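Colleague: Please model the complete structure; the sequences and the hints are all you need to start from.
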Amino acid sequence: MSQFWKPGSERPRLIDDEEGGVIFYSSSPSTSSGFGYATIEKQRQRLPVYKYRTAILYLVETHATTIIVGETGSGKTTQIPQYLNEAGWAEGGRIIACTQPRRLAVQAVASRVAEEMGVKLGEEVGYTIRFEDLTNPDTTKVKFLTDGVLLREMMDDPLLTKYSVIMVDEAHERSLSTDILLGLLKKIQRRRPELRLIISSATIEAKSMSSFFQTSKKRKGQTGEDLEPRTDPAILSVEGRGFNVQIHYLEEPVSDYLQAAVSTVLSIHDQEPMGDILVFLTGQDDIDAAVQLLTEEVHNNRKHSGLIILPLYSGLPRAEQDLVFSPTPRGQRKIIISTNIAETSLTLEGIVYVVDSGFSKQRFYNPISNIENLVVAPISQASARQRAGRAGRVRPGKCYRLYTEEYFVKEMSTQGIPEMQRTNLVSCVIQLKALGIDNILGFDWLASPSPEAVIRALEVLYSLRILDDDAKLTSPTGFQVAEISLDPMISKMILSANLLGCSEEIITISAILSIQSIWVSVRGSQKELDEAKLRFAVAEGDHVTYLNVYKGFLESGKSSQWCYKNFINYHAMKKVIEIREQLRRIAQRIGIALKSCEGNTEVLRKAITAGFFANACHLETFSKGGMYKTVRGSQEVYIHPSSVLFRVNPKWVIFHSLVSTDRQYMRNVTAIDPSWLIEAAPHFYEHQRGNPVAY
DNA sequence: GAGCACTGC
0 MSQFWKPGSE RPRLIDDEEG GVIFYSSSPS TSSGFGYATI EKQRQRLPVY KYRTAILYLV
60 ETHATTIIVG ETGSGKTTQI PQYLNEAGWA EGGRIIACTQ PRRLAVQAVA SRVAEEMGVK
120 LGEEVGYTIR FEDLTNPDTT KVKFLTDGVL LREMMDDPLL TKYSVIMVDE AHERSLSTDI
180 LLGLLKKIQR RRPELRLIIS SATIEAKSMS SFFQTSKKRK GQTGEDLEPR TDPAILSVEG
240 RGFNVQIHYL EEPVSDYLQA AVSTVLSIHD QEPMGDILVF LTGQDDIDAA VQLLTEEVHN
300 NRKHSGLIIL PLYSGLPRAE QDLVFSPTPR GQRKIIISTN IAETSLTLEG IVYVVDSGFS
360 KQRFYNPISN IENLVVAPIS QASARQRAGR AGRVRPGKCY RLYTEEYFVK EMSTQGIPEM
420 QRTNLVSCVI QLKALGIDNI LGFDWLASPS PEAVIRALEV LYSLRILDDD AKLTSPTGFQ
480 VAEISLDPMI SKMILSANLL GCSEEIITIS AILSIQSIWV SVRGSQKELD EAKLRFAVAE
540 GDHVTYLNVY KGFLESGKSS QWCYKNFINY HAMKKVIEIR EQLRRIAQRI GIALKSCEGN
600 TEVLRKAITA GFFANACHLE TFSKGGMYKT VRGSQEVYIH PSSVLFRVNP KWVIFHSLVS
660 TDRQYMRNVT AIDPSWLIEA APHFYEHQRG NPVAY
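Be aware that the first sequence starts at 0, since it is given in numbering that gives the first Met the number 0, and climbs by one per residue.
What the hints contain is simulated information worked out from the structure, not anything from laboratory work.
Computed from a predicted model, the values in this text were never measured in an experiment.
For each residue, glycine too, the CB sits at the ideal point set by N, CA and C.
Keep in mind that a hint or two might mislead.
Pairs of lysine-lysine, DSSO-like flavour, derived with a Cα cap of 27 Å [said to hold, decoys possible]:
#	residue 1	residue 2
1	623	526
2	574	532
3	206	185
4	573	526
5	41	161
6	574	557
7	50	206
8	573	594
9	397	409
10	186	564
11	360	409
12	206	186
13	650	623
14	206	41
15	564	574
16	573	557
17	532	573
18	161	185
19	594	564
20	564	526
21	532	564
22	594	550
23	185	471
24	574	550
25	360	397
26	397	532
27	360	574
Taking CB as the label site, the calculated pair distances span [said to hold, decoys possible]:
#	residue 1	residue 2	range
28	193	372	40 to 50 Å
29	362	440	53 to 63 Å
30	365	152	30 to 40 Å
Modeller: Shown next, in the form of structure tokens:
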């Protein structure tokens with residue numbers, strides 16, 4: 000017992016908790032043997048939501064929309080769909096849907112519910128996520144899916160006619176897809192009064208949610224024989240089952256939260272009983288620094304022995320990430336230093352203490368410059384509560400906030416800004432257009448995006464010839480782009496590749512651009528990584544280099560050994576294969592025949608230009624440090640040192656994306672000929688006087 | 001010669 004789980008040995012068992020979070024357990028599965036149905040039934044009845052069963056069913060029956068506020072551990076996610084099923088909402092071939100923001104949650108909840116119902120997953124209970132449809136159209140009654148998938152389903156069935164009840168879970172997270180979905184569901188309700196919505200949220204934002212779904216228009220008809228539900232939403236609160244978490248604030252604010260976090264961890268270790276510690280910092284830099292400081296402390300000071308210090312962020316290699324789920328050996332204490340990933344996406348077992356820096360990295364979009372920035376910003380009160388809650392899952396815990404109570408009350412916003420208001424909207428706009436919603440600014444949003452952001456999105460789509468002069472989808476380009484589930488600029492690149500005869504290569508590039516990075520992130524062995532990169536690098540730039548990597552991967556027989564030797568992330572490559580396969584299917588459906596350009600990199604780069612012409616840059620000849628300026632907008636930008644064109648500095652380049660730190664760095668860069676710009680987008684470049692493209 | 005919070009289709 001009390002052994003670390005080692006990568007390569009049997010993996011920890013993945014189980015789900017009642018709220019769709021995921022816990023990784025290493026103990027052998029024993030719960031399902033011997034007891035069976037009766038025990039499960041008893042477990043179900045012990046959940047807080049159980050005593051509201053009748054009330055929930057009554058409210059859903061009588062109200063078009065029911066808002067359920069439930070804390071963690073209430074059991075709402077797994078139980079409510081079952082109650083609805085038991086009450087007959089899935090009779091007559093109808094389906095009960097429950098959406099989640101994350102794939103992992105969908106899978107976990109679905110398999111839990113299937114187990115509780117004693118059925119095989121994929122029959123009465125099923126789930127759909129990208130790349131995976133485990134439902135049976137003849138038998139599935141309860142279906143779990145990501146909200147993104149439900150949005151996609153609306154393209155084929157705008158009124159979502161097969162669903163009797165749609166439960167939107169985790170609505171408080173206010174992800175882009177959740178917000179779009181809620182706006183569209185409200186529209187659907189007007190056409191389908193028999194449809195029932197359940198909005199489930201962890202926080203008491205229920206009021207604004209409720210007024211959003213409040214339809215003023217009273218339906219006609221006599222009250223007695225009116226079959227239609229009430230239009231005012233019902234609100235129901237369900238208590239959670241978490242343990243009490245004692246909150247500690249700083250008495251005086253600190254300037255260095257990193258140092259404060261480290262000393263707080265050490266004093267918890269010195270003074271508090273055993274139990275693991277979870278520290279929330281902002282990013283890889285912070286986390287690596289804190290890990291190093293703590294590790295040194297353990298080396299230098301014997302009283303700090305028995306500490307296991309582990310970083311946790313999404314960019315971490317898989318084997319290292321898995322370490323955080325190993326059980327803590329007796330007499331030791333695990334310290335996990337994490338990004339926001341531990342706030343919602345992963346549930347860690349055994350955490351008793353939380354240290355909250357009060358900050359996270361957040362994305363903000365500037366529609367004027369059309370640039371997305373990742374900045375360290377204060378979290379909201381809701382986030383702080385969520386973080387604190389991570390300490391109370393197994394027994395009463397403590398949360399140490401590295402800020403004052405006054406700051407929490409007076410300075411921190413209660414909710415945080417919905418993603419809708421801090422992101423680029425091109426994908427969102429195109430989705431709505433595809434559903435026939437033309438007036439984007441006038442759409443009934445839960446939180447309206449800024450007019451500037453909407454206008455910028457329309458402008459970009461217009462320049463890509465995805466929208467026409469009347470801001471309607473062009474045919475066929477616009478409709479085809481809407482069909483491809485990728486960034487519209489990538490979709491446009493794929494369509495152009497079809498005309499240029501290089502679709503085979505371009506869908507590979509598109510798949511690779513759709514994931515974070517295909518390289519292994521290693522800080523120590525940077526030199527080796529650079530050398531490995533050189534084995535694939537070509538003068539044309541990063542995109543063509545990726546083709547060489549892909550080719551090498553295929554030739555190796557998709558070998559993980561080969562990836563390891565070449566500093567390539569094996570899991571990333573598997574994902575590339577998956578996405579590429581999906582793109583191949585979509586291409587087939589919209590009538591693109593895959594064709595290879597047989598090594599003609601000029602047509603490849605022309606296709607890339609056709610999608611990304613707006614990101615064209617020109618080297619400032621008289622500047623020394625490799626400074627470029629964007630052709631449109633004259634933004635100062637530099638080639639990122641991770642690019643194969645770093646220090647090569649071709650005169651004209653096009654980039655896929657920018658990362659903003661002290662400078663704007665271009666990631667994924669390809670050299671182009673400026674004449675291709677006018678060829679690809681005459682409407683975008685022709686009329687600019689004094690533009691260097693002219694000569 | 002520098003660094004990418006997190007999702008999702």
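Colleague: For every hint, state whether the structure bears it out.
Modeller: Hint by hint, here is what the structure shows:
no., hint, in the structure
1, 623 to 526, "holds, 25 Å"
2, 574 to 532, "holds, 20 Å"
3, 206 to 185, "holds, 16 Å"
4, 573 to 526, "holds, 25 Å"
5, 41 to 161, "violated, 32 Å"
6, 574 to 557, "holds, 12 Å"
7, 50 to 206, "holds, 23 Å"
8, 573 to 594, "holds, 22 Å"
9, 397 to 409, "holds, 22 Å"
10, 186 to 564, "violated, 53 Å"
11, 360 to 409, "holds, 21 Å"
12, 206 to 186, "holds, 19 Å"
13, 650 to 623, "holds, 13 Å"
14, 206 to 41, "violated, 34 Å"
15, 564 to 574, "holds, 19 Å"
16, 573 to 557, "holds, 8 Å"
17, 532 to 573, "holds, 19 Å"
18, 161 to 185, "holds, 17 Å"
19, 594 to 564, "violated, 31 Å"
20, 564 to 526, "holds, 14 Å"
21, 532 to 564, "holds, 11 Å"
22, 594 to 550, "holds, 16 Å"
23, 185 to 471, "holds, 23 Å"
24, 574 to 550, "holds, 15 Å"
25, 360 to 397, "holds, 24 Å"
26, 397 to 532, "violated, 46 Å"
27, 360 to 574, "holds, 25 Å"
28, 193 to 372: 40 to 50 Å, "holds, 45 Å"
29, 362 to 440: 53 to 63 Å, "violated, 22 Å"
30, 365 to 152: 30 to 40 Å, "holds, 33 Å"
In this structure, the hints that do not hold are numbers 5, 10, 14, 19, 26 and 29, in rising order.
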